[in-house]
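Here's the letter readout for the chains.
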Amino acid sequence: MADYKWPEAEKRKYIGKRISRVDGPLKVSGKAKYAYDTNRPGLLHGKILHAPFANAKILSIDTSAAEKMPGVRVVKIVQGPGSVLQWAGDEIAVVVAVDEATAKDALRAIKIEYERMPHVVNDEDLAAVPTDNKRPTAERTQGEPDKAFTEADVTAEGYYGNAIITHCCLESHGQTIEWTDANNVLIHPSTQGVSVIGNDLAKALEIPAGNVNLKMDFIGGGFGSKFAIDRWGVECAKVSKMAEGKPVKLHLERDAELTIAGSRPSMYAKVKVGAKKDGTLTAWQSEAWGTGGVAGMGAPALPYMLNFQSGVPNYRTKYTSVSTNTAPQRAWRAPSHPQLALITMGALEDLAAALKMDPIEFLRKNINLFAPRAEIYSQELDKAAELANWKANWRPRGEGAPGSTKTVKRGLGVSMHTWGGGGNASNCDVTIYPDGSVDIKSGTQDLGVGTITVLNIVVAETMGIPMEWVKVFIGSNRYPASSASGGSTTVGGISSASRRGSVDALNQLFAKVAPTLGVKPEELEAADGKIRVIANPSKSIAWKEACAKLGSQPITVRGEHKAGNRELSSSGVGGVQIADVSVDIETGIVKMNNFYAVQDCGLVMDLKTAESQVFGAMIMGVTYSLYEERIMDNATGRVLNPNMEFYKLAGAMDIGNFKVHMMTGKGYDERGPVGLGEPPTNSPGAAISNAVANAIGVRVPTLPLTPDKVLAALANKKGGSSNAKI
Amino acid sequence: MQKFEYANATTIQQAVALLGNTWGEAEVLAGGTDLLALMKDYVVAPKRLVNIKDIKELKGITMTANGLRLGSLVTFEEVLDNAAIKRSYPAIWQAVAGVTSPQIRNMGTVGGDLCQRPRCWYYRAGYGILAKDENGKALVPDGDNRYHAILGNEGEAKYVNPSSLAPALISLMAKIKVAGPKGSREIAADQFFVTPKSDNEREYALAPNEIVTDILIPSASGVKTATYEVRQREVLDWPLATASVALKLDGKTVKSAKIALGHVAPVPVDSDAAAKALVGKAVTEDTAEAAGAAAVANARALSRNAYKIQLAKVAVKRAILQAAG
Ligand SMILES: Cc1cc2nc3c(=O)[nH]c(=O)nc-3n(C[C@H](O)[C@H](O)[C@H](O)COP(=O)(O)OP(=O)(O)OC[C@H]3O[C@@H](n4cnc5c(N)ncnc54)[C@H](O)[C@@H]3O)c2cc1C
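Protein chains in written order, with this note's numbering: chain V, 1 to 726; chain W, 1 to 325.
Don't read these hints as lab results, they were simulated from the structure. Keep in mind that the hints are not guaranteed to be accurate.
EDC-like mimics (lysine to aspartate or glutamate), calculated; alpha carbons at most 16 Å apart, straight line [stated by the list, open to error]:
| hint | chain 1 | residue 1 | chain 2 | residue 2 |
| --- | --- | --- | --- | --- |
| 1 | V | K104 | W | D41 |
| 2 | W | K47 | W | E77 |
| 3 | V | K591 | W | E234 |
| 4 | W | K40 | V | E113 |
| 5 | W | K40 | V | D153 |
| 6 | V | K277 | V | D153 |
Label pairs and their calculated CB-CB ranges [stated by the list, open to error]:
| hint | chain 1 | residue 1 | chain 2 | residue 2 | range |
| --- | --- | --- | --- | --- | --- |
| 7 | V | P402 | W | A37 | 42 to 48 Å |
| 8 | W | K3 | V | V84 | 30 to 36 Å |
| 9 | V | N213 | W | G24 | 30 to 36 Å |
| 10 | W | P141 | V | V84 | 27 to 33 Å |
| 11 | V | P25 | W | T62 | 43 to 49 Å |
| 12 | V | E113 | W | K3 | 50 to 56 Å |
| 13 | W | T100 | V | T405 | 22 to 28 Å |
| 14 | V | P25 | W | G24 | 48 to 54 Å |
| 15 | V | T405 | W | S219 | 33 to 39 Å |
| 16 | W | K3 | V | I77 | 51 to 57 Å |
| 17 | W | S219 | V | G71 | 38 to 44 Å |
| 18 | W | T100 | V | P402 | 28 to 34 Å |
| 19 | W | A83 | V | E67 | 57 to 63 Å |
Keep in mind that this is a model prediction, so the values were computed, not measured. Built from N, CA and C at the ideal position, the CB exists for glycine as well.
Could you build the full structure based on these sequences and the hints that come with them?
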């Protein structure tokens, strides 16, 4: 049996080092071509007619005027008379025309009669939601929560939550599709599942799966919203066929992107927590609700991370799923975790404040509740506190951290989080050519996680050759299938598969050169561009010479990682974040000073791209904490801010200073690469909300922490009522 | 975008001759940063665009002892790059600096800033300037009005005037020079903005065939000016409230004051009350605060924008303190 184990730390040349993203120069120079940049000869443009109402039945559609417009090639009805549209933005028809403007003009020429029905588009005010739209799930209880609360020395009650936000991919959803002949389709999509969605398209088109040729070199953001071929993908293929197979480009407009192409569910909760004087948590109670659109939203696992088996015996949780006339939710970078972290870590911070305890002390006191990662969190809390200089900078709630003035209050807040991750199923072909060059092909995608770089690192590390000698090919469904990128599973999967493939290919090469060196293949190793005898490293053969022994036949080996295999990759990580903010108490504006992240992801493959992954999550975190919100209008049922003007994102000057520390070494490396896409996204909401509460002495209940809410919370505080009741 | 005819004017006379007698038939195209977005969204759909960017008389910045002239085609970036404006008219310079997008500043013109259309999300979604649904029901009062007006909102218009430049010009008692087929006239900056009663009217006092040609600002020698914007983000973001002030001091005492607020009402608000509260007093935290309070004494919150009253008050206070510096 070949030995696939990851090399020991002292032997690693690339793994875990700070290596620049190999496709970075292409991206920053604009040479990288995204699906949106695909402009095939003879290109036609598709546009979708979206429902203008949140709940309506189509009575009739008249497309005749649109069809007659010059430049219009196809008008296709997607949902015809009798269809019920359950959210504004739902797809009704597709128009294909010679240019975008003509297609859009033609959409307006389609005449539709609707029967309108009442809609519900907001859920924070649960009392205002009609009973028919509410589905309470069963209450869960353990122990004797009521008794525990009576016996608790201190209790805190609070309200926490966040509105729906969207994925807001900078490259909108869509694709360009053409029929290369009557039965074969070429698609350039923006997708998280290069090896997946082509099969779905083939099925929808009733053609053999192999007839779909899918190519995607780069993707401009997915965050969990680009796993499916989607109705617009299938319709794009159909209208291309109707247009004699000509290439049709159909990407969503920004307003549709923000309205229908993915959203993160809302979650709100009223929470009560109880503790002993010494900080030991004794009881939890929560009443939560939220929506993910028409289908509502499944019950969340509240409280977050707290392992009740190992400590707190008393809890009661209730949940109500709310159905709204809004487009269905999609997995948003760590589904449910950011919301759960906000609710749980917010409530715990309020309890610590009520106890007049330092929240880090409080978490340490209860660290065993965070089994099985108590040790990891404990180390990470130390590191985060050190980075933030917590001892010097933290002050009890409302006292204002050093640097506070009469009008600007500074505060610090902490949060912890977890995520599963771990390698998903992945395949690759590793080829060693007789001239010494090496390549790897895999039907995976680089969502920004560094897929290309990691594959390059693993192959070069394993074969002991410079990274430049390795070529990485991804982004085609004609390459060995790899899973979709989601749930922090890509690096775990592709690194394991490529390690196996590289080791196996190398072993075949060893077999070829062993006779020359007069040893057995298993006595050889590859390092520094040579193949050498382990026991006597001076006895070696240069890589190129070794490969020349292959004659005319390259070695190609399939590397395979099966989902669930835990030899090279495992699951489960922990992280701690500390936010340092300033709040202008006259305007309610929150500014980030510093933001610290300490993160575990098992074995780090590339320190630099790992850190950038965390930076990206922190930027997203600042953005959803302070600015982002999909604003739904009760009267029209439409999204009011489907644009980058009022759907607010942070700019470079808004995010403050970041510091990231990746946990490595013993306790981390031996778990193999786990995954990093989701975890650092989970804590920012809680850490920033806690920091604001620490600064101004009162909880601002919901994200985003906008001036109106901050000022309202301050006004409440003056009036005497505070979120944390003691 | 609806198809349109594109006319390129090279003189003011040509431009005004190409404009129609009713609103909506033709639109003036300056930098296009607002107009093109409106057209792409079918919010305005002119039959003709009249490009004025090739009219030389509309360009250029001149500063003399008597004051400052900005051609209507002067871009925000030109103002930002002008050290003399920064020195002598800080209120103007600061207002322009608040537009933190180089792209918008490079294309957007001062004339266009005054004539840009409101950002009310109901207006931009096609419900008209007075934001009414198919049945004529007003959408703002019961809708999401977090960014809407807190002053001058008694009538049907509830949007806020989007110009950050306007309050600065009002505080400096500027004049807007406009030209039409019969020649030109000057309009005081505080008279330039009007509140329309229907979709067929505009938010400014131009006739459909008039254009803005110049902005004329009297000398600010001896005047202390400042603009303070309450903006949530550093990246391009609409102010939630702004105030521009121009103060003449006699020693420490305020001899005269002109205080204007932006982004809080359908028109920029020239606040006599705030000015009165300040005149005759020394500028202190307290007097500045009192002037802020006076500026919003008549404010009336809609269902969810009460916070803007506080922000407008703070903007006035901070602008005064900044000007008195
Ligand atoms: C996201 C965003 C944020 C912004 N933030 C701010 C801000 O904070 N503060 C602020 O003040 N502005 C802000 N702006 C607006 C920007 O300043 C204006 O779009 C710009 O100044 C308009 O100038 P323009 O030359 O591009 O006008 P255009 O788009 O060409 O024209 C705008 C309107 O004015 C009319 N018009 C233009 N010139 C004349 C003229 N000479 N005579 C008569 N009519 C004319 C046009 O017909 C059109 O109706 C923002 C814009 C965007 C997109």
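To see whether the hints hold, each was checked on the structure:
A distance of roughly 10 Å separates the Cα atoms of K104 of chain V and D41 of chain W; the hinted pair therefore holds under the 16 Å criterion. For the given pair, K47 of chain W sits about 30 Å from E77 of chain W by alpha-carbon distance, which is inconsistent with the 16 Å threshold. Using a Cα cut-off of 16 Å, the hinted pair K591 of chain V and E234 of chain W holds, with the two alpha carbons roughly 10 Å apart. Between the alpha carbons of K40 of chain W and E113 of chain V the distance comes to roughly 24 Å, so the proposed pair goes past 16 Å and is violated.
For the suggested pair K40 of chain W and D153 of chain V, the alpha carbons sit about 62 Å apart, so the restraint of at most 16 Å is broken. As the CA atoms of K277 of chain V and D153 of chain V are separated by approximately 6 Å, the hinted pair is consistent with the 16 Å bound. In this structure the hint that P402 of chain V and A37 of chain W lie 42 to 48 Å apart at CB holds, the actual value being about 45 Å. Hint check: K3 of chain W to V84 of chain V, Cβ distance near 35 Å, so the stated range 30 to 36 Å holds.
Checked against the hint of 30 to 36 Å, the C-beta distance between N213 of chain V and G24 of chain W comes to roughly 49 Å, which is inconsistent with it. About 30 Å separates the C-beta atoms of P141 of chain W and V84 of chain V, a value consistent with the hinted range of 27 to 33 Å. Checked against the hint of 43 to 49 Å, the C-beta distance between P25 of chain V and T62 of chain W comes to roughly 47 Å, which is consistent with it. Between E113 of chain V and K3 of chain W the Cβ separation comes to about 27 Å, which falls outside the hinted range of 50 to 56 Å.
In this structure, T100 of chain W and T405 of chain V meet the distance hint of 22 to 28 Å, their C-beta atoms being roughly 24 Å apart. Distance hint check: the CB atoms of P25 of chain V and G24 of chain W are about 49 Å apart, consistent with the given range 48 to 54 Å. Range check, T405 of chain V to S219 of chain W: Cβ separation about 37 Å, and the 33 to 39 Å hint holds. Separation of K3 of chain W from I77 of chain V is about 25 Å and departs from the stated range, judged on CB atoms against 51 to 57 Å.
Restraint check, S219 of chain W to G71 of chain V: a C-beta distance of roughly 56 Å breaks the suggested window 38 to 44 Å. Separated by about 29 Å at the C-beta atoms, T100 of chain W and P402 of chain V satisfy the suggested range of 28 to 34 Å. Take A83 of chain W and E67 of chain V: their Cβ atoms lie about 59 Å apart, and the range 57 to 63 Å holds.
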